[in-house]
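Protein chains: 2
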Amino acid sequence: MTPHHGIPQIATPMPDHQVFEAGDVVLQSGRTFRNMRLAYKTFGTLNADKSNVILYPTSYSAQHHDTQHMVSEGGALDPSKYFIVIPNLFGNGLSSSPSNTPWPDVGSRYPDVTYFDAVHVQRRMLAELWGIEKLALVYGWSMGAMQAYHWAALFPDAVARIAVVCGAARCAPHNHVFIEGAKAALMADPGYRDGVFTERPVRGFRAMGRVYAGWALSQTFYRDELWRTLGASSLEDYLVTAWETTFARRDPADLLAQFWTWQHGDISANPLYGGDLAKALRSIKARTLLMPGDQDLYFQVEDNRLELQHLREAELKPIPSAWGHRAGNPVNQPDDRAFIDAQVKALLAR
Amino acid sequence: MTPHHGIPQIATPMPDHQVFEAGDVVLQSGRTFRNMRLAYKTFGTLNADKSNVILYPTSYSAQHHDTQHMVSEGGALDPSKYFIVIPNLFGNGLSSSPSNTPWPDVGSRYPDVTYFDAVHVQRRMLAELWGIEKLALVYGWSMGAMQAYHWAALFPDAVARIAVVCGAARCAPHNHVFIEGAKAALMADPGYRDGVFTERPVRGFRAMGRVYAGWALSQTFYRDELWRTLGASSLEDYLVTAWETTFARRDPADLLAQFWTWQHGDISANPLYGGDLAKALRSIKARTLLMPGDQDLYFQVEDNRLELQHLREAELKPIPSAWGHRAGNPVNQPDDRAFIDAQVKALLAR
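Those protein sequence lines, which keep their order, are chains A and B. Take the working numbering: the last position of the first sequence gets the number 1811, and nothing is skipped along the way. Take the working numbering: the last position of the second sequence gets the number 1811, and nothing is skipped along the way.
Everything labelled a hint here was simulated from the structure, so no lab data went into it. Watch out, some of these pointers could steer you wrong.
Any copy will do: because identical chains look the same in the list, a pair fits if it lies in one copy or spans two.
Restricting the straight-line Cα-Cα distance to at most 25 Å, the calculated cross-link-like pairs of lysine to aspartate or glutamate (DMTMM-like) are [unchecked claim]:
1) K1740 to E1774
2) K1746 to E1763
3) K1778 to D1755
4) K1542 to D1712
5) K1511 to D1712
6) K1778 to E1763
7) K1511 to D1485
8) K1778 to D1698
9) K1542 to E1686
10) K1740 to E1686
11) K1595 to E1776
12) K1502 to D1485
13) K1502 to D1655
14) K1511 to E1594
15) K1740 to D1685
16) K1542 to D1618
So here's chain A without its partners, still in its complex pose (with noise of 0.2 Å):
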């Protein structure tokens, strides 16, 4: 935050959010998550017969702050013509997280999180303080994504559009293998011991930040460096300036909450589908847009085409960029935010 007087501030920014207070939550693994609470931020207005909701669910370590540059008029995602919220996935610091949760639920005790218990908590959320029951789109990249494909999943009649934007139904295997290894790079930390961390990771965040840069962009990102049109002056200065930073602004108890999330999410998890994975892709009732980076390394387009054959009425239309999986969070890439923008305003228009 700039100051704006001349008295030095302490940069403490007063939070643009609002928390949505969802008392005990019974999750999905039997355990009571109590005092749960769901950071959120909404924008534009609700009109009269609530037609015009978007929820733009968050992605992994990231806050609404981090996202919400895809909120714009003109875009897609346009707030003169409809109510936007943004819930705050649990475990990013702002919802319930280890971080903000009191002893004994902290470090290995803290409880697990699966999308089915996020989804619920905000369709709670939407309906008591707005009365909303349907959603003219869910929106969201990577693990925002695999919450819109929670959201068609287990409410069909909800919700009427999903744009997945590099995400998936259920977390591929090697998608696992790949958290696998950034978990474990952070998890090497000298500070982390019996599950909880003692002090600081700075090794942790150090390793966990170069592991992820290798898959979060394409290998052609790197050989054509593209970092260059983020300000980087090496590959070296993109890898500290970007990787050894991203994730060192979250509490690592919190990364390693999201990771159990994402590794576990699988729209059929639950007694609904009971691991019924086709099935439960043909429940979906929402007009379905996937879109995965052509070149993104670990939401495959493969995944999304397999899912396909399964749906009633989705599209596959992957985005043509060097950006990896970074395509579907087009902060530097007008291309890429052109494309997404496009399909996503022809999605609502259907």
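Given the structure of chain A, go ahead and fit chain B onto it with the hints provided.
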């Protein structure tokens, strides 16, 4: 080693290799490696005109034990026809490596050894031990393939053919980043202090193995559960038995030393070519077979394709395989092995 009689034996196998004492070697860096030793193993018989020599350098962290399965009668590397020499790459624990080098040249003081250094010592060995000046073939996988490329670029008149299996003339930027992740995971271990491993890096070995697991095989390998063909009972069983094991067999400082060699691999990084990769590629006279795995995630087909346009007499024959980088080391993949053998036999016949 299986005991051959009733007396219980401690598992210290007799070495099945020999050692070339290279003496004091002035490295490309300017440092002198004192008493440098090159461990090697030979197969077959050198013919009278010394025209039947195949050099088969080793890959990352591998010793000749791990790669000699490709040497077999009826295969391309046929010891009944060829005199096959496997030079163990420096840093692999048998040739000079941090683990067998005395104080003070350990830890971060260990001299940087390039492929340029390695192939020069290999060349001296061939000349001094057997009077060999020309090679029918240099065959290599991964770091072995990078050595083959260095042979062809640095000694254009000494090499008739090279088979570059899942390798490249230069470590691609993305490949560099993948290694950064694996390195950082190992070095995050509590036992790594001031550039030295002061204890066995249990967490580091595990983390590096899990990171590597995602890179060495393809997404398809995991989707199709091809680890079942290796006898693993679950994905986790595979990660533990294969990936937490493979690097833990080595000294951690040796692993870092070879990573350094790999990351700095570049056939043009020497006074001969002054960093001009195209020039180095154009200078190669060897018939060149480029054989990437078509789903290799770090030695990508695309890098070989870009090299191809500068090579005089080369073919690009991707291995059609879900085994990713491992396609080029077909321990348990009969199809990959048959493909490689057929291509290399055709190369040898030209």
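- request: Tell me, please, which holds for K1740 and D1685 at an alpha-carbon limit of 25 Å: within, between, both or neither?
  value: This pair counts as between: shortest inter-copy Cα distance 20 Å, intra-copy 42 Å.
message: For K1778 and D1698, with the copy left unspecified, which applies at a CA distance of at most 25 Å: within, between, both, or neither?
response: neither (33 Å within a copy, 36 Å between copies)
query: Is it within, between, both, or neither for K1502 and D1655, if the alpha carbons may be no more than 25 Å apart?
result: Neither. Shortest intra-copy (36 Å) and inter-copy (46 Å) distances fail the 25 Å Cα cut-off.
message: Checking an output row: K1542 and E1686, CA cutoff 25 Å. Within, between, both or neither?
response: neither (38 Å within a copy, 46 Å between copies)
message: When Cα atoms must be at most 25 Å apart, do K1511 and D1485 count as within-copy, between-copy, both, or neither?
response: neither (28 Å within a copy, 81 Å between copies)
- request: Measure nothing new, just compare the shortest in-copy and cross-copy C-alpha distances for K1778 and E1763 to 25 Å and report within, between, both or neither.
  value: Both ways: K1778 and E1763 sit 12 Å apart in one copy and 23 Å across, limit 25 Å.
- prompt: Is it within a copy, between copies, both, or neither that the alpha carbon of K1746 lies no farther than 25 Å from that of E1763?
  reply: Cα proximity of K1746 and E1763: one copy only (22 Å, versus 40 Å across).
message: Please sort K1511 with E1594 into within, between, both or neither, judging by C-alpha distance up to 25 Å.
response: Close inside one copy (8 Å), not across copies (82 Å); limit 25 Å.
query: How would you classify K1778 and D1755 at a CA-CA limit of 25 Å: within, between, both, or neither?
result: Both. Shortest intra-copy (9 Å) and inter-copy (24 Å) distances satisfy the 25 Å Cα cut-off.
25 Å Cα threshold - placement of D1712 relative to K1542: neither (36 Å within a copy, 61 Å between copies)
message: With identical chains, the pair K1595 and E1776 could be close in the same copy or across copies; at 25 Å between alpha carbons, which is it: within, between, both, or neither?
response: This pair counts as within: shortest intra-copy Cα distance 22 Å, inter-copy 58 Å.
- prompt: What label fits K1502 with D1485 when the C-alpha limit is 25 Å: within, between, both, or neither?
  reply: within (22 Å within a copy, 67 Å between copies)
When each numbered hint is compared with the structure, violations occur for hints 4, 5, 7, 8, 9, 13.
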